[in-house]
Structure formats: C-alpha cells, structure tokens
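Protein chains: 2
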Amino acid sequence: MHRGYDDPHCAIARSLEILGDGWTLMILREAFLGTRRFADFERHLRISKNVLSKRLAHLVDEGVFTKVDAGQFGARYEYRLTSKGKDLLTVFTALRQWGDRWVFGEEREPMLVHDRQTGSPILPVRIRRADGTPIPSRDLELRPGPGASDAQLERWHASQDD
Amino acid sequence: MHRGYDDPHCAIARSLEILGDGWTLMILREAFLGTRRFADFERHLRISKNVLSKRLAHLVDEGVFTKVDAGQFGARYEYRLTSKGKDLLTVFTALRQWGDRWVFGEEREPMLVHDRQTGSPILPVRIRRADGTPIPSRDLELRPGPGASDAQLERWHASQDD
Chain A
0 MHRGYDDPHC AIARSLEILG DGWTLMILRE AFLGTRRFAD FERHLRISKN VLSKRLAHLV
60 DEGVFTKVDA GQFGARYEYR LTSKGKDLLT VFTALRQWGD RWVFGEEREP MLVHDRQTGS
120 PILPVRIRRA DGTPIPSRDL ELRPGPGASD AQLERWHASQ DD
Chain B
0 MHRGYDDPHC AIARSLEILG DGWTLMILRE AFLGTRRFAD FERHLRISKN VLSKRLAHLV
60 DEGVFTKVDA GQFGARYEYR LTSKGKDLLT VFTALRQWGD RWVFGEEREP MLVHDRQTGS
120 PILPVRIRRA DGTPIPSRDL ELRPGPGASD AQLERWHASQ DD
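These protein sequence lines map, in sequence, to chains A and B. Under numbering that gives the first Met the number 0, residues 0 to 161 are what the first sequence spells out, in order. Under numbering that gives the first Met the number 0, residues 0 to 161 are what the second sequence spells out, in order.
A few of these clues could be false.
To be verified - Listed next, the in silico DSS-like pairs over lysine-lysine satisfying Cα-Cα at most 30 Å (straight line):
no., chain 1, residue 1, chain 2, residue 2
1, A, 53, B, 53
2, B, 85, B, 48
3, B, 83, A, 85
4, A, 83, B, 85
Said to hold, decoys possible - Cβ-Cβ distance ranges computed for the label pairs, FRET-style:
no., chain 1, residue 1, chain 2, residue 2, range
5, B, 41, A, 48, 32 to 40 Å
6, A, 115, B, 39, 28 to 36 Å
7, A, 129, B, 50, 34 to 42 Å
Claimed, not checked - Reference listing, derived: stretches of chain B covered by chain A, where coverage requires no fewer than 3 residues with Cβ under 8 Å from a Cβ of chain A:
no., region
8, 87 to 94
9, 97 to 111
For the record, the hints were derived by calculation from the structure and aren't laboratory data. Note that beta-carbon positions come from the ideal geometry of N, C-alpha and C, so glycine has one too.
Produce the entire structure from the sequences given, and follow the hints as far as they go.
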C-alpha cells in the first residue's frame, strides 16, 4: 500500500507539496498583508533573494500567485494572489486563531481579525454541520470520496472492521 | 523593525515554528486518522526512524502530543494528541478542503469529511461574522491586539496612512 508525503491521492499531502515549507507560508502571510513586490517581500521577511525567488517561482507554477507586469517600462513585476491563493485565507485564519489560543492565549493576541462592517472581531473558524451549527470532532468521519485510490479504500474498509 | 520567520509576535510565524515542516504536518494528519504508535507512524508514512523520532519529540515538547506508557510492561508508548493538538483539526480540515477544491476539483475528492449524525458531508470551513454569516475577505481587517509589538503597531499605523 503506497502512502507517504508524496501520496498523490491525499488532499493534505498534495496541498503540502504546494505549501509545505515554512518560508512559503510566510510569503503567503505577507501577501495577505498586501505585499506584492519582490523587494517588499524581501524587506519584510528578511529572506534571501535566492530563497524568495525560488519560492515565488514555485507558487506561480502552482497557480497560487500570478506574476503581473505592473510597470510602465516593464521593469516592475507584482506577485498577486490568484483565486486559488486568496482561498487560502481560511486556512491562514484558522492557523492564526490556533496560535492565538495556544501560543499567546486570551488577551495576549498580537493581531486580531476584525469585521470592517461591524468593527467586531470575527468568530473562531469552526467546522460546521450542513445546518450551520458547530460539529464536535467525535462526529466527524473521513469517508472515501469519488476520487479515492484503491489504497484509501482498502485502509478505510480495514478501519471499519475494527 | 524586526520581522521574519522567527517573528515572536506573529501567530502565523509562531504556529509555523511548531508545525512548519511538511513531515510534521503529515505526522499530525496521521494522528487524526487514529495512529498512535511509533511503528504505525513509520509504516503508514514511510518516514525514517530518525526523522520521525525528532519530529515526535518536538511535538511532545510543544505540547501537541503527549507520550503515554500504554504497555503492560512499559515497552509500548503511544503518542496521543493533546487538546492543543486536537484543536488543529480545523486547520487541517480547511487545508483538506482547499486541496479538494483546487488540486482535485469537485467530484474528484479522494476523501470527504462526513457528519456521523446525518451522514452528510460537512460544510466548507468559512470565516464568519459574529452573527454566523460568512464574511467576504474584503471585509476582513487585521488590527493590533492586546499583545501587539511596537513593530506591529508601527506597521499598522503606516498602513492606515495609505
């Protein structure tokens, strides 16, 4: 049974192939703060040109950023989040809130996400049932989907026999 | 202004110090699937003993796993997720759903998260307003919290002048 970090049939493994490097995640965090230019990523993250350049190229290849010529004379590129990239905000927000809860703790959060319309902090990101109510983890069950591999089906059936 | 991957005042950076390695995240994914023993992590992940041992020790140090002597004769340890570890399920579920949407696509999801009570798939994890409705990203605003550093306050004030 084939499994591992390169498992082509696991959404977590495949997502981590795109994102699974600390610097890559820090570059994305910076992009969510509004940074678009190479020099600004470099300055804010204190990252080497070489590492930054490789990570940005990888994220462009994966369709997370698009590289846009935003200069009048073609000398100024911007890295802009695509829809695929912007859609990671939920993951980042859930991660930020986890860090706030478990690393810093209540009343010691460095930054908080607010709702511009109301000025209030947003709710903690939660996993919810189809009716919108939060679902406890004991009620969550991972089942094979339409794209499941033989290995995933085999492991799932084995777990049902326990 | 100090910033960077080791930024001690950023919830994302501090979370990534705990989790920011692909193997670490794959070990956690495996733990959410129910794996607890060293040999089972090794077998399912096809990871070297050396790498696995270091990552597990790090996660025990960080309070994500607890190492429990579960053997009658003291020779069988289990790595069990703590409350801090279990609380990462939201991040993992959001990441799994992102991979399902952008790597596999609808009707090609390898595994789906279901609600045991209803048998239905869960909703996509969303960022929500205080009243529970989904909030579009343009309405999200990061503001300094009670634990903000001088550098975070400075950057925030600078961004308000834009």
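The hints, checked one at a time:
| no. | hint | in the structure |
| --- | --- | --- |
| 1 | A/53 - B/53 | 27 Å, holds |
| 2 | B/85 - B/48 | 24 Å, holds |
| 3 | B/83 - A/85 | 27 Å, holds |
| 4 | A/83 - B/85 | 27 Å, holds |
| 5 | B/41 - A/48: 32 to 40 Å | 38 Å, holds |
| 6 | A/115 - B/39: 28 to 36 Å | 47 Å, violated |
| 7 | A/129 - B/50: 34 to 42 Å | 39 Å, holds |
| 8 | 87 to 94 | holds (count 8) |
| 9 | 97 to 111 | holds (count 13) |
Hint check: a violation occurs at hint 6 only; the rest are consistent with the structure.
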